[in-house]
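Colleague: Listed below are the residues making up each chain.
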Amino acid sequence: MANISITTACNRDCAFCFAARTENGARRPVRHMPLPRVEAALDFLGRSGVSEARLLGGEPTLHPDFGRVVDMVVARGFGLVVFSGGLVPEPALKKLETVPVSAVSLLLNAVPSGLGRPLEPARLEEVCRRLGPRVTLGVTIDSPAIQLPSLLDAIDRCGLRRTVRLGLGHPAIGAANSYLRPRQYPEVGRRVTQFVLLARERDVSVEFDCGWVPCMFPDGALATLGHGADSLGSRCSPVLDLLPDGRFISCYPLASLGSIVLHPGLDARNAREYFQDRREKTGPCFLGPDCDGCGWRARGECGGGCLSAALLRRRTGRLSVAVARRVVRGC
Amino acid sequence: MAARRRASPCAERESAVSPYRVAPGVHWVVGRTALTILDGNGAAKTLGYPEAAVWDFVTRGYSLCDVSRLIAPVASLDPPAARQVVQAAVDGWIASGFLERA
Amino acid sequence: MHRMTRHGVFLVPVLDRWLAFAPLHGVAAVVNAAAARDLRRGAAVLSNGALADLGRVLRRVPSNAPCPPDGEACPPLLGIIPTRGCNLACAYCDFGGSSSAHTTMAPSIAVAAVDWMAQRMRDAGRRSYRVHFFGGEPFLAPEIVAIVVHRVRLLADRHGLAPYVDGSTSGVIDAGVCEFIGDYFSGIAVSLDGPPEIHNRLRPRSGGQPTFDHVNRTVARLSEMPVELCLRACITEDSVEELEHVVRWMIDTYRPSAVNIETLTPGVASRRAGLKAPDPYRFAARCVSAYKVADDTGVPVVYSAAERERARLSFCPVGTDAVIVSPDGRVSACYLRPEDWRSRGLDLDVGGIDTEGTVVIDRGALGRVRELPLLKPRCARCFCQWTCAGGCHINETYPGCAVDYTPFCVQTRIVTACLLLRDAGCGEVADALVSDQRAMERLACHWWDPFDSIGDENVPVTGEASPVWPRGGEPRRAQSGSPP
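Chains A, B and C are the protein sequences, given in the same order.
When we follow numbering that gives the first Met the number 0, the leftmost residue of the first sequence carries the number 0, and every step to the right adds one.
When we follow numbering that gives the first Met the number 0, the leftmost residue of the second sequence carries the number 0, and every step to the right adds one.
When we follow numbering that gives the first Met the number 0, the leftmost residue of the third sequence carries the number 0, and every step to the right adds one.
Pulled out of the complex, with its shape left as it was, chain A reads as follows (with noise of 0.2 Å):
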């Protein structure tokens, strides 16, 4: 698997968004992957044996080449899988209307209602209208205060594909972007657990993004969520992001871990590796003091949660909690 970067370029301000600022906090110029660096892109899924071309980035529909690169995609056979914010301008969703539904999916990142983000609902459910089972729904969940239940709504209403996928919202390290803390994940966890039965009733099956463990679910929860929980505490591994730069990194939330360019001698087994080694460099540590006890690690059930959210515990020769900008602020 490795996603590829598109554009920088985004309409929506999500929170949660890992890849809106750098490293450094720096908020990331607009910039659009040429083509020919999405051809070599290609070549380097093509030589590693993926079958899919995973198009992200801000908001990849932006780029203006889209409907381009849709069709060498398409051209050289891979599947296509679009991550979208849902507002998709018109003429990247008349050409995703051409690609057949068994060769396209649009994983589109739903901001269910009672979060107070604009919806725009309007555009969005046209989107799903007219993509319909080539749409499957997502949501970043980033507080426990979420609200899933309309989603089966939606899919029922638009023909959307019969599956929900759930992430969860980690730390960007010095992004600064709204997470979720693992402190929350057991409200978190009791949410889910009752909307996954929810939507098994309505026979839509849910799946799991990195970074869910065992222990945010309640206790007998686990057997309740099916092969969609078959996941849960697998430690992240690199994803492999290739930005438009042409810089691969592990994923967003440890771009800060570093990168390596995209060459034609770069396969996704080298890149992993590479990556593989730099995560082992920060060594052993995981999202709270309480996974020293745990029996889900102690029998390798569990690899600790997000890397990247286990790393905000490591603690340096100064003071080292940096504090979201987004937090201090008085009423």
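Mixed in with the good hints, there may be bad ones.
[Unchecked claim] Counterexamples of contact, computed for chain A against chain C with all Cβ distances above 12 Å:
#, residue
1, PRO35
2, GLY45
3, SER47
4, VAL49
5, ARG190
6, GLU200
7, GLY302
[To be verified] Label pairs and their in silico Cβ distance ranges:
#, chain 1, residue 1, chain 2, residue 2, range
8, C, GLU261, A, PRO217, 38 to 48 Å
9, A, PRO217, C, PRO68, 28 to 38 Å
10, C, ASP353, B, GLN86, 30 to 40 Å
11, A, PRO120, C, SER434, 28 to 38 Å
12, A, GLY158, C, GLU261, 45 to 55 Å
13, A, PRO120, B, GLY39, 42 to 52 Å
FYI, nobody ran anything at the bench for these hints, they're computed from the structure.
Even glycine gets a Cβ: it sits at the ideal position worked out from N, Cα and C.
With the hints as your guide, set chains B and C onto chain A.
Modeller: Below, chains B and C without anything else, positioned relative to chain A:
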């Protein structure tokens, strides 16, 4: 914890601040009852007690005299024994590259 | 003084219905007047359906009623007061604030307390070891805090105990202390009364300087760390109407683990500052609104007196065998000052530290303290006796206190009833209740809540008029709502 310390009884005998600092690239993580030092190259050393407490006080800038004074009640040691424990720990960490002289 | 008679089943009026509450059975139900009459007559057990099920449940003898501890002291927590000194001069604080003696606990006392507690936990076969830091401002004695924390961890590691260290702070602490708390504490409660315009008026430094900015930085820093972060707000007459807004702001800004709300306890300092406790009915209504913020945000909002997760005999550590050690080595059951207890005719010392530096518990004193939660005449007729349990033993239900319900009782009864209604799926009834002043008064002043006579038609109904605590007025006697 290094701020607002009461006047150190060690002030007249030696420097009231720590002569050591954490070496560049070294981090540590506080666990449930232990503390793990990470050297930045993947190596980790877990400290139990009383060494974990010694590390905490040293890295907060206490002088060795003050660290010994504080470790004595933590570890039920008399002052000479506390001093010995502290010195041995610090010497070991310098040898391991976790600490360096300021 | 005689132990109060405790009851297990209660019936209180809620608008045109009745709330049946059996805390020892873990049951709350809303019934109409006819159903309530049937329950009393025992007719319910003769019919089918939900009412019959309820009747059967209520007739069961509960098996899990809490009772006072006995035998050797087995504290649920060890309290350490490193110093009673404080760097603030909060407008409502009668602890003495910055004028309190800055005596710091000696390390030998701290170690004696910690060692005794560890031994007790081992002897009692407990797996965890909880220490709570009280003050003054405990972090004005950072070295004692550090010694205690490290000694606790050393002993926990040695004896296979899970340490749990928490404490309370004003938040006006150094960044280094903040990091220490974040790394070594399991939980921390920070007093934050609201946004700057509220907080600075109520909680200035001893020189009068505002403290919000400093507390803001502290809380923001702690928010980034794994420690369980509780924000504690004191609500006054001036701030009660903003309660929901303040709670939501705290949750949105700091992402705490919980927000704890309490009302100002009137005293010398607050009167001098012109501060008043909120009207209990207004507070109850706003408190219920604040609880809804918890539903939206997933962050618990807590009014301690209305905690109903499990039945309890005491609102606080007093009577639970908790041992709290003061800077001078006193070993007590309560963290308030001895002069506060004595003013109520109480002695809450339970022991001391002997010449060999060992904690010694006075069995007789311990026995007297264990008995204290049982001596609550005011609570005998109240449905909150197993949840609120009388509130503070010094400030609320002290020996010889009036049996009339106080504003604290009024707000607690209403809030508890509303939360029980929500638990029973009748949130809209709770909303209607807090919108109806007369209904709230009827509930608050209901004279006799116990309903221990399920099925017994011959139990006399006390039709006595009960005191009414109207908004802003003096207590007056009026007709109570009649029982079903």
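Colleague: Do PRO217(A) and PRO68(C) keep their Cβ atoms within the hinted range of 28 to 38 Å?
Modeller: holds (30 Å)
Colleague: In terms of Cβ atoms, is chain C entirely out of 12 Å range of GLY302(A)?
Modeller: The claim stands: GLY302(A) keeps its Cβ more than 12 Å from every Cβ of chain C (closest is about 17 Å).
Colleague: Taking the minimum C-beta separation from GLY45(A) to chain C, is that value above 12 Å?
Modeller: holds (42 Å)
Colleague: Check the following: the C-beta atoms of GLY158(A) and GLU261(C) are separated by a distance inside 45 to 55 Å.
Modeller: At roughly 52 Å between Cβ atoms, GLU261(C) and GLY158(A) fall inside 45 to 55 Å, so the hint holds.
Colleague: Could you let me know if the closest chain C CB is still more than 12 Å away from the CB of ARG190(A)?
Modeller: violated (7 Å)
Colleague: So SER47(A) supposedly isn't at the interface. Is its beta-carbon more than 12 Å from every beta-carbon in chain C?
Modeller: holds (37 Å)
Colleague: Kindly confirm whether 28 to 38 Å is satisfied by the beta carbon distance between PRO120(A) and SER434(C).
Modeller: Between PRO120(A) and SER434(C), where Cβ atoms are some 32 Å apart, the hint holds.
Colleague: Has the hinted range 42 to 52 Å been met by the Cβ atoms of PRO120(A) and GLY39(B)?
Modeller: holds (48 Å)
Colleague: Quick check for students: does the CB of VAL49(A) sit more than 12 Å from each CB in chain C?
Modeller: Label holds. Min Cβ-Cβ 36 Å, cutoff 12 Å.
Colleague: Given a hinted range of 38 to 48 Å, is it respected by the beta-carbon distance of GLU261(C) and PRO217(A)?
Modeller: violated (29 Å)
Colleague: PRO35(A): least C-beta distance to chain C exceeds 12 Å?
Modeller: holds (42 Å)
Colleague: Over 12 Å to the closest beta carbon of chain C is the bar; see if GLU200(A) clears it.
Modeller: Holds: least Cβ distance 20 Å, greater than 12 Å.
When each numbered hint is compared with the structure, violations occur for hints 5, 8.
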